[in-house]
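Asker: Chains as they are written, first to last, in my numbering: chain A, 1 to 438; chain B, 1 to 438.
Please keep in mind that the hints were generated in silico from the structure rather than gathered at the bench.
You may find that some hints are simply not true.
[Stated by the list, open to error] Below 30 Å or equal to it, Euclidean Cα-Cα: the simulated DSS-like pairs (lysine-lysine) are:
{"id": "1", "chain 1": "A", "residue 1": "Lys422", "chain 2": "B", "residue 2": "Lys231"}
{"id": "2", "chain 1": "A", "residue 1": "Lys433", "chain 2": "A", "residue 2": "Lys422"}
{"id": "3", "chain 1": "B", "residue 1": "Lys433", "chain 2": "A", "residue 2": "Lys231"}
{"id": "4", "chain 1": "B", "residue 1": "Lys238", "chain 2": "A", "residue 2": "Lys231"}
{"id": "5", "chain 1": "B", "residue 1": "Lys422", "chain 2": "A", "residue 2": "Lys238"}
{"id": "6", "chain 1": "A", "residue 1": "Lys402", "chain 2": "A", "residue 2": "Lys238"}
{"id": "7", "chain 1": "A", "residue 1": "Lys238", "chain 2": "B", "residue 2": "Lys238"}
{"id": "8", "chain 1": "B", "residue 1": "Lys231", "chain 2": "B", "residue 2": "Lys433"}
{"id": "9", "chain 1": "A", "residue 1": "Lys231", "chain 2": "B", "residue 2": "Lys231"}
Just so we're clear, the structure is a prediction, and the values are computed from it rather than from any experiment.
Spelled out from the first residue to the last, the chains are:
2 protein chains.
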Amino acid sequence: MDICRLSAEAALARMESGDLSARELVQACLDRIAEREDTVRAWTFLDPDLALAQADAADQRRRDGQAGPLNGIPVGIKDIIDTADQPTENGSQLCAGRRPDTDATLVALLRQAGAVIMGKCVTTEFALSAPGKTRNPHDPARTPGGSSSGSAAAVADFMVPLAIGSQTGGSMLRPASFNGVYGLKPTFGTISRAGMSPLSRRLDHPGIFARTPEDMALAGRVLMQRDPADKDMRAHPKMGEADPLTAPPRLAFVRGPAWGRGEADMQQAIEGLARDLGDDVREADLPPVFDAALECHGMVMNGAVGQSLGPYYDRDRAGLDPITADRVERGRPVTAREYLDALYQAEEMQDALAGFFDGVDAILTPAAPGQAPRELTRTGDASFNGYWTLMGAPAASVPLLKGADGMPIGVQVICPWGQDAKLLRICRWLADKVGEWR
Amino acid sequence: MDICRLSAEAALARMESGDLSARELVQACLDRIAEREDTVRAWTFLDPDLALAQADAADQRRRDGQAGPLNGIPVGIKDIIDTADQPTENGSQLCAGRRPDTDATLVALLRQAGAVIMGKCVTTEFALSAPGKTRNPHDPARTPGGSSSGSAAAVADFMVPLAIGSQTGGSMLRPASFNGVYGLKPTFGTISRAGMSPLSRRLDHPGIFARTPEDMALAGRVLMQRDPADKDMRAHPKMGEADPLTAPPRLAFVRGPAWGRGEADMQQAIEGLARDLGDDVREADLPPVFDAALECHGMVMNGAVGQSLGPYYDRDRAGLDPITADRVERGRPVTAREYLDALYQAEEMQDALAGFFDGVDAILTPAAPGQAPRELTRTGDASFNGYWTLMGAPAASVPLLKGADGMPIGVQVICPWGQDAKLLRICRWLADKVGEWR
């Protein structure tokens, strides 16, 4: 196997045994990038010398017996997340040349664990919907999805085994689905957003892309640390060690309020999956309070965007992509009353969801309306993700299905709050049971 | 001493020793109410038979060895807090005759502790500013303050030793000051609001009126219990047992951003107090971020009121007092952006306040602009309280000062988050050191 195709776990095992150096691993990833970047365009900043210097330091640490849990593993970072040694431009010309003084907390945690901060991955403008330059590695005429476009594409194209993205609507799991990789949006409040450009404190979730569930767990164990600088952190965030599944998980197949926006090939593929899983899955409807879920997420997100991006808009509207400016304009008229009504309605949904999970280990539902659309001027529809983001429960996309053109389609798996480790076990169980998309 | 003048603690001691029955205590309070209610008008609902039946049950429990920590103690309940056996009308004709099915959590906790739910105390309409019928017991031409008007007046006038109120702006500590009693607005999220008419989930605090700091601690130990039905509860609310003060507390006298709204007699009285305390107090200015504190509280409160009372307004504007309707109208145009900006600015103040408390045990600052105003159509100015409510730190009013007409003026004492027990120790220390107002 090409070195660049190794999972983080496999690469760590080989580095531990002395069979591979971090320099070799990073060089293999750099070679892959050099070969493919003209097509995929996943990176907005990449300094090979800086990456190799970090790799050499990692090799030295390993010789010194100081190797952390991600020692020498290259990780791509979405460009809304601050790095002290690399620019962070938020996908916006308004932030061109911006150089933060300090690392975001999650970047600092990765460095402490020994990771190589490989470079900055393309994001849509401020993690909304105005696309960057990235193309889908499986078909460059198609969008990679967004907003974590470069992070998903880089992992899918074997440029890095791990990348960090974020999700406020569908910015992790939609690109995971479109690119045929795993994506984890962990439980709300488990990974610090300090040093990450905010859209909505209520909705923003950092997340992890990888090519195996186990690599997501590995990164999650490093990243889920309480940080007082993020006021919305849970008290005891943790990626636990889930008990092994001693029996098949009890799954509920949920079409959900966005089902009508799905494409026929996706609908048939996931219904077929549910059928194939037989007794391990039952069909279920969400409680009626979810009928308002799409509108509710939209209201919270728009109201928050009016606040978070309002200052950029006020300063230089023309400097924003019209897609971004339009989103701010939709957010500005949202009243506190509308915003609070939506927040409280979301709590009712969260309560109802807690009851729904009685006797259910995980929900299966679409991760995206279908294959990646064949266009580069938009990033696709987040309707299948936004309301789950609003729920705060951990959600993953598992690359199980194939669409009409042979492109990947993800299955979204959702577990109760805090059960991130169990979620990843179930992702593994599904991948073993039905096989990945290829 | 008249039985109705006993503190809860003293009454409990006498009941424990068999020297007093709950029926005698409740009857003494009912006699006091019968004597004074025409003047004070503290109660919106009072059923002597219901109170006496509860007293008899309490006496039976004591004989059975089942007496809880408040067994037989009569407690007044602000009429925005639900009681299953008594009406709860929220001070509004829109809720006339309303009979809740269940007790608010805090009422249920009081009952579990053996308290006698004496009756419902007058509130302003929906705990905003439109006055009810209550008059100041020290001068019936003056307001008792609001919104917890009846609760404060009933305790001040020896009708009950304890009463429950609430504060969103200055609805606990202003009436405590005007009526010459103790009031405690505990740390945010320590007493459940489930079953209490909401104004702002960010700001609403149930609170305790009493005639001694020890009685507030007694009630606080009963009431500070986690309740999943209030989503904003702290994880481990508790009225601890504070260590005894082994040295004088280190106090900071703070004039604060509302100082200019104070009256001359209040300003002189509290400056005199600070001087008299000598080395135990130093003057200090709040950090500059507090310059916006009054506006910030107003924005959060107005935005929330537009949401919480909006449905009443939409249904029957004419049924609201014009003062209430005006407040809703001020809240309706508040945007999500303005609301969120204010919330995040308040967090900066909270951070700055945490630093301010380095080397300071408690802040002394005015509890009100001066004596209770000589009017019954308004309830006075909450400017000295609202921004402390926004901070969420525990705050008490201590009846130490006297105004130009001999009316009481409270001193507001504030401790860091969670230090409610220490706050009450410091209230006791102050009362012993300088004496109460009378």
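Asker: Which numbered conditions among the earlier hints are violated in the structure presented, ordered from lowest to highest?
Answerer: 3, 5, 6, 8
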